[in-house]
Amino acid sequence: MRKLKCGIVGFGISAKAYHIPFLTTMEEFELACVVERSGNEVQQRLPAVRSVRSIDELLADQSIDLVVITTPNETHFPFAVQCLKAGKHVVVEKPFTNTSKEAETLVNLANSGDQVLSVYQNRRYVSDFLTIKEILDKRLLGEVHEFESHYDRYRPEARPAAWREAPLPGSGIFYDLGPHLLDQVCCLFGLPSAITADITSQRPHSRVDDFFNLWLHYPFGKVILHAGMLIREPGPRYMVHGTKGSYIKYGEDVQEAKLRGGELPTQADWGREPENIFGLLHTLEDGELIKEKYPSLPGNYGLYYKNLYDTIVNGHLSKERPEHGYNTIRLIELAFESAENRCMLDCAGLMDVPYP
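Quick note: to get our numbering, add 1 to the position in the sequence shown (first position is 1).
Treat the hints as calculated values from the structure; they're not laboratory data.
Treat the hints with caution; some may be incorrect.
Said to hold, decoys possible - Using 30 Å as the maximum straight-line C-alpha spacing, the simulated DSSO-like pairs for lysine-lysine come out as follows: (1) Lys307 x Lys292; (2) Lys86 x Lys17; (3) Lys139 x Lys223; (4) Lys139 x Lys17; (5) Lys259 x Lys307.
Can you make the complete structure from the sequences, with help from the hints?
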């Protein structure tokens, strides 16, 4: 099997928790180099991996096939351009870029060459989303007329050192969490026709947005996306309502907590949720009313990298396309415009490409 030699730009929590555990345990990849601006933590944690101080040093290594960009948002665009022009395949953490103009430039640059450019949409491979997709594919709810998804947290205190809470382009809760929710909805239902948004700051110390509520308008009904930082007691994570029934889901996918706690994704039951957070399916099937826990499918972020390998090495169609990243950023821009003008906007300027 051909191994892809990988380099990672950045050595923060994104690299440590969401990328390195998979790139170091999957046989398709070899983690060869990490850009670490200061310190020697890479050598302490990963003695076999080379540590360099700049992206130029990384790109000077002709043996590197794939570069994963995990640095702060304002660097995503220039670093991706630099890596693509150096002939490398590229993975960009979300958000893809800070503007749709930057995103369009990356799409065109990737499509003009032989390099694969992909956005790290790992939330396509979480337990709850995979389970909802199965329920919808089986049409267990009939025709969906309302879909609601939440990222509710309780964090009233400020984090002065966190760049996501500094008033910089691409900061704030919407750029942080919005790409996950928007991408999931596009995968389930395609592109929306219109958008209505409320994006604001609720905490008195906040210098960026820390709350959003979006309505995405579809021919079948509406999608509601919500996130906030002052929700001590969260409600359901997902609520899906159809003509035959409903699916209600509490709790979070288990992978993030395990990865942040240092576990590696090598166990046979990786990504499997405990039964106590299985979602509730209440529907009518074959004339019989059903109200019971629906077993969650196991999640696995590693499926993202499996798909990426098949695209680069085996020529399979990319599932996480740069156009998907563009659409997410364009929807974010439209949402901010809607919130500022307190109006519904048509979803103009999106790229009509298939979603998996």
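Q) Hints broken by the structure, by number, lowest first? A) Result: hints 1, 4 break, sorted rising.
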